[in-house]
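Chemist: Chains as they are written, first to last, in my numbering: chain A, 28 to 135; chain B, -18 to 235.
It is worth saying that the hints were derived from the structure and are not from the lab. We put the CB at the ideal spot given by N, CA and C, even for glycine. Some hints could be false.
[What the hints assert, rightly or not] Distance ranges between label pairs, derived from CB positions:
(1) A:Ser29 / B:Arg(-5): 23 to 33 Å
(2) A:Arg86 / B:Asp125: 48 to 58 Å
(3) B:Val153 / A:Val133: 19 to 29 Å
(4) A:Arg86 / B:Trp161: 14 to 24 Å
(5) A:Leu64 / B:Arg(-2): 47 to 57 Å
(6) A:Leu63 / B:Ala155: 38 to 48 Å
(7) B:Ala141 / A:Arg65: 25 to 35 Å
(8) A:Arg111 / B:Pro159: 45 to 55 Å
[What the hints assert, rightly or not] A few chain B residues that don't get close to chain A, going by computed Cβ distances all over 10 Å:
(9) Thr0
(10) Arg3
(11) Arg4
(12) Arg11
(13) Gln54
(14) Leu79
(15) His81
(16) Val138
(17) Val144
(18) Phe165
(19) Ala195
(20) Arg224
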Amino acid sequence: MSRLDVWLVIVLGALVTLAERAVFLVSTSGKPLPPLLRRSLTYVPPAVFAAITLPALVRPSGVALGPVDARLVAGVLAGLVAWRTRSVGLTFLVGMVALWLLSWAVGR
Amino acid sequence: MRGAYGWGPRAWVRFARMTAARRAFLDGFREVLPILVGLVPFGLITGVSSVGAGMTPFEAVVMSALVFAGAAQLAAISLIGTGGAVWAAVLTVAIVNLRHLMYSLALSPWLQRYGLASRLLVSFLMVDQSFALQVLKYPRAGEDYARVHYAVGNGLVTWAMWVGTTAVGAVVGAQIPPEWQLDFAVPLMFLGLLVPAVTTRPALLAALVGGTLATLLAPLPYNLGLIVGSLAGIAAGVVAEDRLPRTAGGTAET
């Protein structure tokens, strides 16, 4: 991306985010959201976060452990930690350390 | 004292309001601090990832200051790094931030009595943490609680922390060699957000459909895999809600 493109992403991203945050807070109509839209919004976090996470974990990085990629193994370990602890910090720590150890072991 | 300073009843009311506003502001400030501990690594990673994707530290800091939404920023940053289109990055930000519509709707009844500028300010500062604190606080606090002051109290400190940690990450990130593979931090952060979001069986299905489809469609240009996968996952969740029991492992209630 060019510098101009980066700035466009920043400014337009900021505007669209503010619009989403402000739309109901600023309108005083007090009209309820259509039930279908309201229910749909409940599933935004799991659907979107999974759609970002899974492709990045499955995508090959070049550090292969036999048939599987080091990133997938590190991701599965981190997923287990996330599930048991619900801590974003610990998930991050375990995933990164696992990736470093696996890359180091394969690199030897 | 009342004689000397000429404080009539109206001045006392004004004084009481001012201290109530200050107290609400400090409440907001104090109550968000423990939550902010979790924000520190997130902000650092956002800064590191920004420069890793080819942004300058200045761009990274401005992005945090204006967009002020970690998950959406990380998603946009990964597109900037892979050379995606501007519209795809903006659409990705819009989709990741769709949950704010829900927050905006939930908070609006509580802030109706405030002016436009106040409500815009609360909107700008409304991130997940601030929203969660507000929906817990307002039903318990009294009718005349200084809500905007509370919201600004926790929003401002969150914003300052977010911009500050991004700046540190961006400066430090420029020194980190690529062998550290810090780009992997982005999916890890999202993994940490994903797992607590899977609270019901329909939510699990939404995640499975969204993740699988996005993976299969990953070769498509413009981040279309993420966009199509997300929308399909949301739809799957809604359909599943009608057909599955809501709690994991629970019995059917309908």
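Chemist: Indicate, hint by hint, whether the structure satisfies it.
Modeler: Okay, the hints, checked on the actual structure:
1. With their beta carbons about 54 Å apart, A:Ser29 and B:Arg(-5) fall outside the hinted range of 23 to 33 Å.
2. Checked against the given bound of 48 to 58 Å, the beta carbons of A:Arg86 and B:Asp125, roughly 54 Å apart, stay inside it.
3. Between B:Val153 and A:Val133 the CB atoms are about 27 Å apart, so this pair conforms to the stated range of 19 to 29 Å.
4. Evaluation of the 14 to 24 Å hint for A:Arg86 and B:Trp161 yields a pass: the beta carbon distance comes to about 18 Å.
5. Separated by about 38 Å at the C-beta atoms, A:Leu64 and B:Arg(-2) break the suggested range of 47 to 57 Å.
6. At roughly 46 Å, the beta carbons of A:Leu63 and B:Ala155 sit within the given window of 38 to 48 Å.
7. Between B:Ala141 and A:Arg65 the beta carbon distance is about 33 Å. The supplied range of 25 to 35 Å therefore holds.
8. At roughly 31 Å, the beta-carbon separation of A:Arg111 and B:Pro159 lies outside the given 45 to 55 Å, and the hint is violated.
9. The non-interface label for B:Thr0 is consistent with chain A: the shortest C-beta to C-beta separation is roughly 26 Å, beyond 10 Å.
10. Residue-level check passed: B:Arg3 sits 23 Å from the nearest beta carbon of chain A, beyond 10 Å.
11. Distance check for B:Arg4 against chain A: the nearest CB is about 23 Å away, which clears 10 Å, and the non-interface claim stands.
12. No beta-carbon of chain A is positioned within 10 Å of the beta-carbon of B:Arg11; the least distance is around 22 Å.
13. Chain A draws B:Gln54 into its interface by the beta-carbon criterion, the shortest separation being 8 Å against a cut-off of 10 Å.
14. Residue-level check failed: B:Leu79 sits 5 Å from the nearest beta carbon of chain A, not beyond 10 Å.
15. At roughly 4 Å, the least C-beta separation between B:His81 and chain A is not larger than 10 Å, which violates its mark as non-interface.
16. Even its closest Cβ contact with chain A, about 18 Å, leaves B:Val138 beyond 10 Å, as expected for a residue assigned away from the interface.
17. Residue-level check passed: B:Val144 sits 13 Å from the nearest beta carbon of chain A, beyond 10 Å.
18. The Cβ of B:Phe165 sits about 6 Å from the closest Cβ of chain A, inside the 10 Å cut-off, so the non-interface label is violated.
19. Chain A draws B:Ala195 into its interface by the beta-carbon criterion, the shortest separation being 4 Å against a cut-off of 10 Å.
20. Its beta-carbon lying about 13 Å from the closest one in chain A, B:Arg224 satisfies the requirement of being farther than 10 Å from that chain.
Going down the numbered hints, you'll see the structure goes against 1, 5, 8, 13, 14, 15, 18, 19, while the others check out.
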